[in-house]
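Engineer: Sequence:
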Amino acid sequence: MALLNSSCSADWLDLNTTSSVETGQAIVTLDDAQIALNGIYRLASGHSYYGDNYWYYGDCRAADVQARITKGDGKRVSPYYEYNVLASDNLNIVLPWNTVYKVIRQTNNLIQKIESGSIQSSDTKELNRIKSEALVMRGLSLFNLTRLFGMPYTNDKGASLGVPIETSPSDPTHKPSRSTVAQCYEQVVSDMSNALSGLTQETSNGYINYWAAQALLSRVYLNMGEYQKAYDAATDVIKNNGGRYQLYSYEEYPNVWGQDFQSESLFELYITLSEPSGGTGGEGAPMVYADNVKDWNNLVLTKAFLDLLGEDPDDVRHALNCLPQKPDEDILPEGSTGYPKYLNKYPGKTGDNPQDNDICIIRLSEVYLNAAEAGLKKGTNLEEAQSYLNDIISRRTTDTSQQVSTETFTLDRILKERRKELVGEGEVFYDYLRNDLAIERKGSWHLETLKASNAQKIEATDLRIALPIPQSEIDANPNIQQNPR
1 MALLNSSCSA DWLDLNTTSS VETGQAIVTL DDAQIALNGI YRLASGHSYY
51 GDNYWYYGDC RAADVQARIT KGDGKRVSPY YEYNVLASDN LNIVLPWNTV
101 YKVIRQTNNL IQKIESGSIQ SSDTKELNRI KSEALVMRGL SLFNLTRLFG
151 MPYTNDKGAS LGVPIETSPS DPTHKPSRST VAQCYEQVVS DMSNALSGLT
201 QETSNGYINY WAAQALLSRV YLNMGEYQKA YDAATDVIKN NGGRYQLYSY
251 EEYPNVWGQD FQSESLFELY ITLSEPSGGT GGEGAPMVYA DNVKDWNNLV
301 LTKAFLDLLG EDPDDVRHAL NCLPQKPDED ILPEGSTGYP KYLNKYPGKT
351 GDNPQDNDIC IIRLSEVYLN AAEAGLKKGT NLEEAQSYLN DIISRRTTDT
401 SQQVSTETFT LDRILKERRK ELVGEGEVFY DYLRNDLAIE RKGSWHLETL
451 KASNAQKIEA TDLRIALPIP QSEIDANPNI QQNPR
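Numbering (this note's numbering), first residue to last: 1 to 485.
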């Protein structure tokens, strides 16, 4: 869990490298601190965190992306898709728990060294910047753990159990209990907010800066139902970033995917064919969406999503939906007709290998949509909030009738735009949950196994939303309470 030590890989931006900076003795200079920070980013981009489970989880649990069947099985993503994942599942439960707590452990070690004055450097500004980035990474990790292993904040204002909060290095005998979801969110907000003053406002590709932290806060606040705070954070990014980030135009949109650090990218983890997995590049998230890549093509777009997109033939996002290169008779449940399409948001840097596709954690389009939703719900600045939704729509279609008016500026319209814009980016599942909406898996392409697992309709209060705590954690720590099923 959080108590485990972990080594970190080489930095990906041509800075000094190290094989391990986890011990207290290793972090003694400013360079050591930067290398430790690089290791935190690298671990977050790897398998079982953003390089895999945490990226596709938020889509395959909803209705626009589904498990692809092959030879009668729904492949590796099926336990999430079918809501029947087990506490003993190493790939889908144990590793996603342990890996993210390793990130938290590394951030705690680094923050402690900086706060204790143990690092030999007079450059307090740089030390504060490193500490601030570590704080955001710790907050983001706790936020992600809470969303996977706890129920939605908006169900009960966070009264249900979340995950253990770890804010300092602890010894191997430490056996924490679970905090509430509300306590977890309070810590997330504290970490991210306290980091703001120490972060640079300049573009910092591959690293967190002020604008990335504010964008992430807009996501956190929106999922808490704190609409004024979500709106303020989002509009700060939109209005004040000084032109560093801009929405993709209609003409740009089909060609930006797979390319490093495009104009909407607020926080992006850099991937190459040699990092982070010892010479193989990314092993998870982009590959599960790709067509016919090492048989990892686990996810396809649903008929419901394609029908939604099909309501506007002029929508440029059609460009990212592609038919299989080689039709596979096992790709659909028995009795289905036609072939589903793959999502081509992750083609890789050269367009033919998703293994070196970066992972963009948050981009400007989401921030505009966050502002639109928060603005509608708080009930003030409605004209401005409406304009943010239209800013997205006008850059995705040439059909001006798709733009919203005062009468058509509704939550349903915002959520439809979020589905079309953010598909495959790990956020749509949470759109349903915070708005207390049922997820309905309808259409001829969904797997028959959904019936057996009773996962055709998921209410926002369904206890299966909270993943089971790893059984190994329960066995090792008597203070950890398992989620009810």
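Take these hints with a grain of salt, some might be off.
Unchecked claim - Cross-link-like lysine-lysine pairs, in silico, DSS-like; alpha carbons within 27 Å at most:
(1) Lys341 / Lys451
(2) Lys239 / Lys341
(3) Lys345 / Lys303
(4) Lys303 / Lys341
(5) Lys416 / Lys378
(6) Lys378 / Lys239
Calculated from the structure, these hints are not laboratory results.
Engineer: Need the status of pair Lys416, Lys378: alpha-carbon distance at most 27 Å?
Structural biologist: holds, 19 Å
Engineer: With the threshold set at 27 Å, check whether the alpha-carbon distance from Lys239 to Lys341 stays at or below it.
Structural biologist: violated, 37 Å
Engineer: Need the status of pair Lys341, Lys451: alpha-carbon distance at most 27 Å?
Structural biologist: Roughly 23 Å separates the two Cα atoms, so the pair holds.
Engineer: Hint check: Lys378 vs Lys239, CA-CA at most 27 Å. Holds or violated?
Structural biologist: Within the cut-off at roughly 19 Å; holds.
Engineer: Within 27 Å, alpha carbon to alpha carbon, are Lys303 and Lys341?
Structural biologist: At roughly 9 Å apart (the allowed maximum being 27 Å), Lys341 and Lys303 satisfy the hint.
Engineer: Does Lys303 lie within 27 Å of Lys345 when you go C-alpha to C-alpha?
Structural biologist: holds, 18 Å
Violated hint for the displayed structure: number 2, the only one.
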